[in-house]
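K.L.:
Protein chains in written order, with my numbering: chain S, 5 to 135; chain L, 5 to 135; chain B, 5 to 135; chain U, 5 to 135.
Keep in mind the hints are simulated off the structure, nothing from the lab. Fair warning: there could be bad hints in the mix.
[Stated by the list, open to error] Straight-line distance between alpha carbons at most 20 Å, and here's what the computed SDA-like set of lysine to any residue pairs gives:
| id | chain 1 | residue 1 | chain 2 | residue 2 |
| --- | --- | --- | --- | --- |
| 1 | L | LYS93 | U | ALA61 |
| 2 | L | LYS119 | L | GLU34 |
| 3 | U | LYS44 | U | ARG108 |
| 4 | S | LYS53 | S | PRO74 |
| 5 | L | LYS44 | L | SER56 |
| 6 | S | LYS66 | S | GLY85 |
| 7 | S | LYS53 | S | VAL17 |
| 8 | S | LYS66 | L | LYS66 |
| 9 | B | LYS40 | L | PRO74 |
| 10 | L | LYS44 | B | LYS40 |
| 11 | L | LYS92 | B | GLU54 |
| 12 | U | LYS44 | S | THR90 |
| 13 | U | LYS92 | S | ALA41 |
| 14 | U | LYS53 | S | THR90 |
| 15 | L | LYS93 | U | ASP62 |
| 16 | L | LYS119 | U | LYS44 |
| 17 | L | LYS66 | U | GLU20 |
| 18 | S | LYS119 | L | GLU34 |
[As the list claims (entries may be wrong)] To spell it out: a stretch of chain U is covered by chain S in this simulated footprint if at least three of its residues, at any positions, have a beta carbon under 8 Å from a beta carbon of chain S; those stretches are:
| id | stretch |
| --- | --- |
| 19 | 6 to 15 |
| 20 | 80 to 92 |
[As the list claims (entries may be wrong)] What the simulated footprint calls covered on chain B by chain L, stretch by stretch (three residues with Cβ under 8 Å from a Cβ of chain L suffice, anywhere in the stretch; the number is not a length):
| id | stretch |
| --- | --- |
| 21 | 83 to 91 |
| 22 | 95 to 108 |
Beta carbons: idealized from backbone N, C-alpha and C, even for Gly.
Protein chains: 4
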Amino acid sequence: MPTINRYVDISSVDKETRKDYIDRHSPFIECAPQAKAGEKFPVTVRMGKEYSHPDDADHYIKSIQLYDGPTLLAEAGFLSGTMGGTGKKAQAEVTFNVVPSGSRMRLTALSYCTKHGLWECDVTEVAVSQE
Amino acid sequence: MPTINRYVDISSVDKETRKDYIDRHSPFIECAPQAKAGEKFPVTVRMGKEYSHPDDADHYIKSIQLYDGPTLLAEAGFLSGTMGGTGKKAQAEVTFNVVPSGSRMRLTALSYCTKHGLWECDVTEVAVSQE
Amino acid sequence: MPTINRYVDISSVDKETRKDYIDRHSPFIECAPQAKAGEKFPVTVRMGKEYSHPDDADHYIKSIQLYDGPTLLAEAGFLSGTMGGTGKKAQAEVTFNVVPSGSRMRLTALSYCTKHGLWECDVTEVAVSQE
Amino acid sequence: MPTINRYVDISSVDKETRKDYIDRHSPFIECAPQAKAGEKFPVTVRMGKEYSHPDDADHYIKSIQLYDGPTLLAEAGFLSGTMGGTGKKAQAEVTFNVVPSGSRMRLTALSYCTKHGLWECDVTEVAVSQE
Chain S
5 MPTINRYVDI SSVDKETRKD YIDRHSPFIE CAPQAKAGEK FPVTVRMGKE
55 YSHPDDADHY IKSIQLYDGP TLLAEAGFLS GTMGGTGKKA QAEVTFNVVP
105 SGSRMRLTAL SYCTKHGLWE CDVTEVAVSQ E
Chain L
5 MPTINRYVDI SSVDKETRKD YIDRHSPFIE CAPQAKAGEK FPVTVRMGKE
55 YSHPDDADHY IKSIQLYDGP TLLAEAGFLS GTMGGTGKKA QAEVTFNVVP
105 SGSRMRLTAL SYCTKHGLWE CDVTEVAVSQ E
Chain B
5 MPTINRYVDI SSVDKETRKD YIDRHSPFIE CAPQAKAGEK FPVTVRMGKE
55 YSHPDDADHY IKSIQLYDGP TLLAEAGFLS GTMGGTGKKA QAEVTFNVVP
105 SGSRMRLTAL SYCTKHGLWE CDVTEVAVSQ E
Chain U
5 MPTINRYVDI SSVDKETRKD YIDRHSPFIE CAPQAKAGEK FPVTVRMGKE
55 YSHPDDADHY IKSIQLYDGP TLLAEAGFLS GTMGGTGKKA QAEVTFNVVP
105 SGSRMRLTAL SYCTKHGLWE CDVTEVAVSQ E
């Protein structure tokens, strides 16, 4: 409460509209599997892998937050009209650069769609090697 | 994932430090039980009811979000040092004014502490009468 | 750059549409003229004094920030549809509670309209008495 | 009001501490000089070019906003401790992806340091070719 929708592997989903719905609302994390402590480490979060989300005034991706376990690392806010505008579709995407200090990160992302609420993705494990 | 901590009635909790920990991290919603559609309706969200949270540079309440069911209505962001500063304690608090359009609201709040992560409160039901 | 629009006293403005435009885009600060150091001090920021702003999906007040001189104290974010929705008008409004620690505050607010950009108001001086 | 600090070419500045102060507080925009309408266009904003900013609990870069003229395109929020932590220095950096629709963009960025307030950079012109 509020409901947080969780990503489901769409290869397990039958209906095309359902695949589209789940995929474009899920944040996907892209980063290297290993990081170095004290060095800048880029993490890209992109909405949708095979499908893309509308950029309509009343239906757009408002925000993406990047967490390491329970800890918020960074967040991005978007406004409608910057991904092509009404009737267009584009994958909202942001690249953060974090500097890890521990021995591993457990990255997740939480996104908000103005029509379909909060969505989170699975955990991406990153091993952090010490210098 | 990220973990979202849920409020627990502290009268059911034994340890004093545990009561303090739960209470000061929970957002509490204060508003009238009824609203009128189309009219401004104030909703106050306050962190802690009986206890208050530090305002230290490395430990403060960063944000409060107000939801109606899955829908984000408004959010507030705070910076450390504005609630009295290091060593002081004060209840982070914000009053939003929403204008309801449906027949009821199911309000919840989600807050973020820079040390103890996300916390949410129970649902507050508000009946909305039509004009 | 970005342009920041400044409030102009609308009694000095001739055209009705211009008065409306300026007034509804300006944040107005309401608070007591004096605060006590270490005590919670409510500050309300409201968009528009005599006029009110649309709440359309492509035209709404996205955010209000409250500053003390150059220092950001708190900020609020809004989403379209929470002030009555399309075709409706309501004054976006938020009440922050700050706990002053210095001897005076010089409050200003900065707001963002999704169609007409950044707007700021005049400074509100608040004397802070020590306990 | 609030004061917005503007970038000054540090090659025109004598004092080393002053160069450092200005450079690490200024957002710098990096992107291609030309974009295609309707296609994703990455824009990186980095704090500091030759110097870098602390990541202390009471002194860090809280946010970066990217504007096209008066229009906010996207914003990023940061928390202290994610750029290496206390005593460490790292350049806060974010890459947004916008999809331009007009014929040119006039990009600027506005950043906020929790100790030294708002800073903005010069305009970066981007020509947008139609498909």
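K.L.:
Compare the structure with each hint and give your call.
P.N.:
Each hint tested on the structure:
1. L:LYS93 - U:ALA61: With Cα atoms ~17 Å apart, L:LYS93 and U:ALA61 stay inside 20 Å; holds.
2. L:LYS119 - L:GLU34: violated, 25 Å
3. U:LYS44 - U:ARG108: holds, 14 Å
4. S:LYS53 - S:PRO74: Judged against 20 Å, a Cα distance of about 25 Å means the pair is violated.
5. L:LYS44 - L:SER56: violated, 29 Å
6. S:LYS66 - S:GLY85: holds, 11 Å
7. S:LYS53 - S:VAL17: Between S:LYS53 and S:VAL17 the Cα gap is close to 15 Å, so the pair holds against 20 Å.
8. S:LYS66 - L:LYS66: holds, 19 Å
9. B:LYS40 - L:PRO74: Distance of about 39 Å is beyond 20 Å: violated.
10. L:LYS44 - B:LYS40: violated, 30 Å
11. L:LYS92 - B:GLU54: Status violated; Cα separation ~39 Å.
12. U:LYS44 - S:THR90: Cα-Cα ~15 Å, so holds.
13. U:LYS92 - S:ALA41: Distance ~12 Å between U:LYS92 and S:ALA41 Cα, so the pair holds.
14. U:LYS53 - S:THR90: violated, 36 Å
15. L:LYS93 - U:ASP62: Holds, at roughly 17 Å.
16. L:LYS119 - U:LYS44: Violated, at about 36 Å.
17. L:LYS66 - U:GLU20: violated, 35 Å
18. S:LYS119 - L:GLU34: Since the Cα atoms of S:LYS119 and L:GLU34 sit roughly 26 Å apart, the hinted pair is violated (cutoff 20 Å).
19. 6 to 15: Violated - the stretch 6 to 15 of chain U has 0 residues with a Cβ nearer than 8 Å to chain S, which falls short of three.
20. 80 to 92: holds (count 10)
21. 83 to 91: It holds: at least three residues are needed, and the stretch 83 to 91 of chain B offers 6 whose Cβ sits within less than 8 Å of chain L.
22. 95 to 108: Per the Cβ count (10), the hint holds.
Hint check: violations occur at hints 2, 4, 5, 9, 10, 11, 14, 16, 17, 18 and 19; the rest are consistent with the structure.
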